[in-house]
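*Asks:* Generate coordinates for the entire structure from the input sequences, incorporating the hints supplied.
Chains as they are written, first to last, in this note's numbering: chain U, 1 to 288; chain G, 1 to 345; chain V, 1 to 405; chain L, 1 to 271.
It is possible that some hints are incorrect.
[Stated by the list, open to error] Think about it this way: if two alpha-carbon atoms lie no more than 16 Å apart in a straight line, the pair counts; the simulated EDC-like pairs of lysine to aspartate or glutamate are:
#: 1; chain 1: V; residue 1: Lys327; chain 2: V; residue 2: Asp349
#: 2; chain 1: V; residue 1: Lys74; chain 2: G; residue 2: Glu283
#: 3; chain 1: V; residue 1: Lys395; chain 2: V; residue 2: Glu165
#: 4; chain 1: V; residue 1: Lys74; chain 2: G; residue 2: Glu286
#: 5; chain 1: V; residue 1: Lys61; chain 2: V; residue 2: Glu323
#: 6; chain 1: U; residue 1: Lys173; chain 2: L; residue 2: Glu64
#: 7; chain 1: U; residue 1: Lys173; chain 2: L; residue 2: Asp86
#: 8; chain 1: V; residue 1: Lys346; chain 2: V; residue 2: Glu323
#: 9; chain 1: U; residue 1: Lys173; chain 2: L; residue 2: Glu100
#: 10; chain 1: U; residue 1: Lys173; chain 2: L; residue 2: Glu128
#: 11; chain 1: U; residue 1: Lys173; chain 2: L; residue 2: Asp65
#: 12; chain 1: V; residue 1: Lys290; chain 2: V; residue 2: Asp354
#: 13; chain 1: V; residue 1: Lys301; chain 2: V; residue 2: Asp64
Bear in mind the hints are in silico, worked out from the structure with no lab data behind them.
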Amino acid sequence: MLADILVLLSIYALLGAGYVIVYRSSRVLNFAYPEIFMVSAYLGFAIVATVQIDPHAIFPVGFVIGVVAGILIYLFLMAPMAGQPVFAAVLVTIGLGIILRGLVYIEFTGQSIFPGSELGVDNSTVDIFEGLSITRYGLVMVVASLAIIAGLLLFFRYSRLGMQMRAASFDPKLAAYRGMNIHLLFAIAWGMSLGIGAFAGGLYGMNYQIGIAISLVGIKALVVALVGGMDSLTGLVPAALIVAAMEILVQRFIDPALSEVIPFIVLVVILLIRPWGLLGTKEMIDRV
Amino acid sequence: MALFDTPYRKAGMALLLGVGLILPLVAGNQLLHIFNLTMLVIVGALALNLLTGFAGQLSLGHAAFLGVGGYVSHFVSQAGIPFPLVVLAATAFGGALGFLVGAPALRLRGLYIVLATVGFHYIVLYLIHVYQSSGEDSILALTGFLMPEADLGFVVLDSAVRWFYFLGGVLILTTAFCLNLARTRVARAWIALRERDITAAALGINLAVYKLKAFVVSSALACMAGSLLVYYLGSVSAEYYTLDLAVSYLAMVVIGGYGSIFGSYLGACFIALMPFFITWLFEFFEASPRTQVQLLVPSQVIVFGLVMIGFLIFEPRGLIGIWRRIRVYFELWPLSRSILAVRRD
Amino acid sequence: MRYIQSFLILTVAVFLTAWGSDRNQARAADQYILGLSGVMSGPAGSSYLPMVEAIRVYFEKVNDQGGINGRKVKLIIRDSANDPLRAVADLKSFADTDGLNAVIFPSTSATVGAYTKESRRISMPTIYVNACYPPATPPKPNPEFFCPGISTLVDAFTIVDLLFELMKGKKITLGFVTSDVPGARIAAQKLMAPYAAKKGAKVVGVAVAPVPMMDLVPITRGFKDKGVNAIISYTYTHHMLATAEAVGKLNYDVTYLMAANIPGALTQMAQLKNPNIHAMDHFSLVSEDKPVHKDIVAAAKKYGYDFPVSDIRFGWRAAMVTEAALKACGWPCSREKLVGVLNTLKVNDPNMVDLNGGPVTFTKTNHTSPSKAYRVYSWSTAKNALVTSVDWFVKQEMDWAPRKK
Amino acid sequence: MENGSSGSALLEVIGLEVVYHRAVTAVQGVSLTAEERSITALVGTNGAGKSTTLAAIAGFMRAEDVRITEGDVLFDGASIKGRRNDQISAMGIGYVPEREKIFPTLSVLENLTACRPRSGSDRAMSIEQVYDLFPRLAERPNTIAGYLSGGERQMLAISMALLGGPRLLLIDEMTLGLAPIVVESLVETVTRLRDEHNVTILVVEQNASTGIEMADYIYVMENGRIAFDGPPDRLLQHEDFQEFYLGMEREGGRKHYQDVKQYRRKRRWFG
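*Replies:* Structure follows, in structure tokens:
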């Protein structure tokens, strides 16, 4: 059971990071992220299935597609929304999510696919120690998400580009005066976020199954991002732990049907007590 | 009645009522159903327009309110209470629920309210599922609960024609209510709240009270719409109330045009009729059954998304913005060069 | 001036759109016309789209082979997207189409209530393509509503019987996996569990998975820790398949029995190659190469059926029944005449018996088949193919007298 | 509007007109030049269009609803009108805005690192050089910029601009709200910048006397137009400038406020 929590925690943390990067850079909650997560699972699988390359290529391929898609989405959809009120931009992301779901219907007619068995990939469980038996892709998921989150923390804290992105997110006008090409910075942010989403999509698909409904995992990850504080990467891991642990425990001991609602109950409770989340900066709220 | 002050408006309104009266006699079965369906959807859109259009509180909880309206109506109607009272009970319950949801939401602003409403949506959905499968006679509820006939005492609403007149009446009442509401101080406070809530607070508008009023009125109307919908359908089942339903209502308000009553009309008709229009388009071009099956479904979804984004980027004022521009063009016809400031209706 | 003009133009616009979609019905006099309103989009779409495609492929085959009674069959396809309002709209537009003989309705339980309320009023003959909801469930069995299968609740009891067949003699500690959808949840909690307990199984519990839950490993692991040696799942496709995956992943020695009548189950069993996984099915396997199976495989290839071939059978049976009814009804075939024909219809040609394991007739009271033959398929590692572990197990339809409240 | 001192003009603004929201004209027919290695001051009351002129030179954001409708801005002879802000900044124009001038959520060192240009251009200053210009910053590199005092914020803002090695530094309201000793040290630093690092400076000043003291050339703006300009000594003799900008009494003793009101109507300036 610990393994289930660990894997779920890493998915939520990974996707939460995707939300945080976009929110910190362009002040927009990317409501298309769940669909991007789902589409990249399908896309990665389709590429690997048609091009017959080694199934593990689904991760790098997914990441590259995600980055390119992120940059394009920013330039064509988000940049023109620069002057508009914030939630007009959010509505654009909702519209984008709907289009992505439509595209999946054309190609895959919403069938749920089991890439593990379809591509003949061995995803059996591996026993690390007595209590913990985790599937191979689950293990990859946990390791990858910790690595990516640590990498992001270092990037934003110490690299020059990271600092510029933090600066641009707070005050784009001043950043532009200081010679930072804010469109480039925001495009990179969206690229990174969608790259991570696509990577997580591929991993999730290989570990469980690919289907239209997996986009709900993306919505629950939004809850995790908010609980951790919409603009803090450090708050992600504890928040993901809380939500994942509660969900699995309720699923096991109380009533699985309730487990699906848990993240949203946590969301409403956190919104009431600490809307700025565990580690988010308080005045961020007024900026919204 | 300042609403119909000019002679034109009086004549126009009379003409409209006339069309409304003779239409059901002329129209075919499906046409009437589409009109009824559109009117039901417009009432729902007007409800959301008060909250999102006027008060600027973006909400994805609308489907949940419709669901609550439906299930409360079922629960109350089981006790044999007549149809009009059931709808009133659902509306009152909706208002109370709006208060319950609104009160905590006062602490939040902007995007955080959207998240709170998404949370509210999934919690209500869970409760509805539990309610539907827990009743001791739930064994009979495989296809959802059956609703009794909607009888108004003097007439039973069983045929589409009767429903058409009834819904027409309801729509006119709701529109009148919204139009009058729009001219009161409450709506002006809402608009200030939408435009710049910090300055609104500075101007002495008690944010909390007006935000709460927006939630209460909007959810009361939404539950009424939900209740009417369930009576019209004759059965209520949990699978109908999805987040996509909430998004489509939000799209109606956005595409229609913020804070414009008539904009909600345009948005609601646009979204409600689009699937029928696309189906008709496929049949018009005699698409082979195979392409119909494979392209019909995704095209509806994609067109919906594209239209939503298109309006947001190119015409943020929505259909009403376009409408006003056309109307102003005609009104100033010979002199209508591009006008800097469009007269706000 | 402002409001009223815009109001008028709006009404005209709505009128035109609706009138357009109302007016363009095919006027061809010499064709049978069938309305097909199915759930093709939304989460539920993935289960019903294969049925809609099956019906489409069948009638394209029929038209190529000269149609019925020498007349072509025209299909009007509509997507109700699991929205009762649109299902009723589709029905009404079919009703307005003169010359339309019947409606084939592959749709979810959510839309059946609203649909049958309307179809009773305009007495439109309807062939329901899905597990049949027991006649006692409201709406009462409408005279014009036919379901070529057996009621779902008989399925529920049968799957428990078949499990006892499979595990003859062994002590059964049983767990159920179902979805948080009213139909499936009620069947599991209120019917299957007590029935299994009565038959002597030790029922450990009924796990209700929420619809969007993808990962059934925690629930399956819960059963494994409790020493459950048999699991039954009769619910949403992706939950049944996810449980099968979980059983494989945890390499859990259990007898897992799921229902294969909803698309995707058999294909996944062939991929998993796990002897512990069994599937209850209403139909014979396409790989048995009887004439009806050859027909299916050929048509699927010729008319582009994108789904796994085994998913075609559910829709195929409904189409066969519809064709038989139209053939018996002759020309011209009014809706009342067709309802009469369906009441007394008996489809027992060899193809149907091979596919369905028995003829299709409709009982007077609840318009489902009086009896149904079931099979259980399992994976035999020896033959490296699906094999029949329980052959045609016949179960009688129950008379669902509605319980007085 | 000739400009007395020698040397070619680094910055030339000709007949500038700026319109906000397609309706409000903030600045009209403004022409000014800034000589190489000189300090030019732009003096004027609130709403005279000083900040708008500076912002026009530094470039407007696309999202802001404001446009340069007339005139041109030449930098080193080439027109920079309508260029993107970061391109203008990369060409060597540093702009320190009036209010939001630092990133309050980042630490001082992070603020500086974020503004260091990628390519080590020849003129680019290193952080050490900036520290010696503003020793106070060197003492507290890791404090969050939001907690700095007004003076320290201005120092940080100027040093962030200097990192890019600008040839022209535009500073909006440099001494606004700062204590006199701080103003003293800032003026002294700015003069050092001009002499040692040959940076041309165009500064907007509320306080006319500091402007006079610091600048080689002064422009006085009123209602979006340049009312008068000249080197400091010529301005000092101009009795209207003395009266309304330096507050020196005329022989007739302290003015009654009505007289000031009449001044508005007489508009003697526009000769």
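*Asks:* Now tell me, hint by hint, if it's right for this structure.
*Replies:* Hint check:
1. For the hint linking V/Lys327 to V/Asp349, the alpha-carbon distance of about 13 Å falls within 16 Å, and the restraint holds.
2. At most 16 Å may separate the alpha-carbon atoms for a hinted pair to count; V/Lys74 and G/Glu283 meet this at roughly 12 Å.
3. At most 16 Å may separate the alpha-carbon atoms for a hinted pair to count; V/Lys395 and V/Glu165 meet this at roughly 13 Å.
4. Under the criterion of a C-alpha separation no larger than 16 Å, the hint pairing V/Lys74 with G/Glu286 is consistent with the structure, at around 11 Å.
5. About 12 Å separates the Cα atoms of V/Lys61 and V/Glu323, which keeps this hinted pair within 16 Å; it holds.
6. As the CA atoms of U/Lys173 and L/Glu64 are separated by approximately 10 Å, the hinted pair is consistent with the 16 Å bound.
7. At most 16 Å may separate the alpha-carbon atoms for a hinted pair to count; U/Lys173 and L/Asp86 meet this at roughly 10 Å.
8. Distance check on the hinted pair: V/Lys346 and V/Glu323 sit about 12 Å apart at the alpha-carbon level, within 16 Å; holds.
9. At roughly 9 Å between alpha-carbon atoms, U/Lys173 and L/Glu100 fall within 16 Å of each other, so this suggested pair holds.
10. A hinted pair counts as satisfied when its Cα atoms are at most 16 Å apart, and U/Lys173 with L/Glu128 does not qualify at roughly 27 Å.
11. Among the hinted pairs, U/Lys173 with L/Asp65 is consistent with the structure: their alpha-carbon atoms are about 13 Å apart, no more than 16 Å.
12. Of the pairs offered as hints, the one joining V/Lys290 and V/Asp354 holds, with about 7 Å between alpha carbons and a cut-off of 16 Å not exceeded.
13. For the given pair, V/Lys301 sits about 14 Å from V/Asp64 by alpha-carbon distance, which is consistent with the 16 Å threshold.
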